[in-house]
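Once you've looked at the hints, dock chain B against the given chain A.
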Amino acid sequence: MAEVAYDSASRIFSGNPPVRAVDQLNLDVADGEFLVLVGPSGSGKSTALRMLAGLEDVDEGAIKIGGKDVTNVPPKGRDIAMVFQSYALYPHMTVADNMGFALKLRGVDKGEIKNKVAEAAKMLDLTKYLDRKPKALSGGQRQRVAMGRAIVREPSVFLMDEPLSNLDAKLRVETRANIAALQQRLGTTTIYVTHDQVEAMTMGHRVAVLKDGLLQQCDTPRNLYDRPANAFVAGFMGSPAMNLKTVPLTSEGAKLDGVVVPLSRAALGGASGESLSEVTFGIRPEALGIVPSSEAGMDMTVELVEELGADALVHGAVRIGDSSERFVVRVDGRTPPTLGQNVKVAVRDTSEIHLFHPETGNRLDG
Amino acid sequence: MTFDASSPRVANPAAAARATGFRRGTRSTAASIGLHTALITASLIAVFPVFWVLVTSFKPDARAVETTPKLFNESSLDNYVRVLSGEKGDFLAWFGNSVLIALLTTAIAVFLSATTAYAASRFLFPGKRSLMLSFLVVQMFPFAVLIVPLYNVLLALGLQGTSLGLVLVYCTTAVPFCTYMLKGYFDTIPQDIDEAGRVDGLSPFGVFWRLVLPLARPGLAVTAFYAFLTAWGEVAFASAFLSAADESKTLAVGLQVFVQQNRTEWGHLAAASIVVAIPAVVVFYLVQRFLVTGLSSGAVKG
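Going down the list, the protein sequences come from chains A and B. Under the working numbering, residues 1 to 366 are what the first sequence spells out, in order. Under the working numbering, residues 367 to 668 are what the second sequence spells out, in order.
Next up, chain A with everything else stripped away, as it sits in the complex:
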């Protein structure tokens, strides 16, 4: 049990120019918290995790675990356990040996190792497989062994590097819930890396979004979704992605295909303070809706309908200024429009509009 802190930690890979894989990362993780690091590939999320594990050098700044500076401590001195994407099980050892290896290295009594392994195996439903080698296990079982190896150690921090990405979709959803429940039960501080924003939203107490080595925002999943700090976070979190378009700004609101969408005072104030003539206008697909043609709205030509069962996603083109922009609208699954149809689309709730600076991408209403 321990809290974790990144204190302006950077990892710089040599090259010309040098690459700042993780750039001045400041992040505090509370004791017992489940923090998810999420970002597109190359965002530095795995590097940040490996720095915490001691597998990657910290070139600037410091890393603390439980208040102790571990910046220059080798991995074995950090009291951490890591679950790798490839699981990294020891192929020449049985499941039981794999799980008990760390304890064996610490010189723990054999009987005690056996008990702890048996206990963890029971928790993960692995009791039947303790005598098998990893190659005789399925992907899901291997994943559980990797989890078991981490649990048996009773470390102060769990590190997980995309542990679910090698599982099939159904098993992934199942295991996702299991890991979250297990973490809840053990109450161990956990740092979890993923590129899947659904995993991030569903598992984390808080989610840290990284891009190009820079922390974009770290907040609860709800806040990330409702109040993204910038256009990148807005576009990254949520599936399907938010509609983000650069549109002209008037004194009443944002101008979309002849329709002026009224904006909140805070947002307008933010925009006028910078005297912008254009803004990046963001709206999630579920905040848009198809309205009868008599009402005011944007004209959209339906180009693609993705039926998901409960609802359907309608992709279509809307003219903004001189160009045609693509919008996604979430509609009721039973009555989707047909391809090529012209529909009217309107903003259902103006409070769900997000405005960002067209150049910096920062949120405008503070």
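One or more hints might be untrue.
Claimed, not checked - Cβ-Cβ distance ranges computed for the label pairs, FRET-style: (1) B:Phe650 to A:Glu60: 52 to 58 Å; (2) A:Val173 to B:Thr538: 55 to 61 Å; (3) A:Glu307 to B:Ser569: 52 to 58 Å.
Unchecked claim - If you want the footprint, here are the derived chain B segments under chain A, 3+ residues with CB under 8 Å: (4) 554 to 560; (5) 566 to 577.
Simulated from the structure, these hints should not be mistaken for lab results. In this text, a Cβ means the ideal position worked out from N, Cα and C, and glycines have one as well.
Quick look at chain B alone, frame taken from chain A:
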């Protein structure tokens, strides 16, 4: 959309195969006979020389080379008795020397090349590229060119004429090659395993000793086999660097006493050759179950 349209297509390949008389995984009787005849012929050609040495080893010298060779002609174990009893030279001493030199070479070469290859496979250090390149370049010199400079080096070190000197000489050829081979093998072991070991509490040497070496057993077996053979059958270096005294010869050098300018003792030579071949066969037998995986495992991860 239904899958009805595709079912005739699924049936088609089977029908086509039936029409031409071929199915995947089977061959016609004629092809089978041809193939087996060719394979059996090739096997016989490969085995015959060894077989004939074995046959000759039981014959007296006078019967070894005949115009109408017979399988058995006054065959007995006399040749073996004479060779092993040391009548023709201290055969058992040669044998001991060879075993000692080959085993020492194997041990040193495997140890050095395993540690070097691990460093080259896992760590970044200045001069890594040139080190690996120099290992490759060393392989390109013909042995004959090396004899004189190596002789001088051994003389300067005071190791000329000793077994240890010869072991070091063999290592100069075995270590670079084995390092290359093992580096390739270590590269196929995922680095994640090293990292998992380090997180679990192993020191860098612990990772090498407890995780990488056990996983590299097939590669180590191949390397050991190569190093053993390098030393076991080598003649040129052994005759140049060992002292001329009869009891300090290795087997490969000692065998020359049976082949003299005017006379060749075929029976004794053959008997000695068979005895010489036995340890190599034993080593091969011990490592052979690793050899197949070892030689192929570089290709695919697994």
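The hints, checked one at a time:
1. Range check, B:Phe650 to A:Glu60: Cβ separation about 56 Å, and the 52 to 58 Å hint holds.
2. The hinted range of 55 to 61 Å is satisfied by A:Val173 and B:Thr538, whose Cβ atoms lie roughly 59 Å apart.
3. For the pair A:Glu307 and B:Ser569, the beta carbons lie near 57 Å from each other, so the given range of 52 to 58 Å is met.
4. For the region 554 to 560 of chain B, the assignment as covered by chain A holds, since 3 residues bring a beta-carbon within under 8 Å of that chain's beta-carbons and 3 suffice.
5. Restraint check on the region 566 to 577 of chain B versus chain A: 6 residues with Cβ-Cβ distances below 8 Å, three needed, restraint holds.
Checked against the numbered hints above, the structure breaks none of them.
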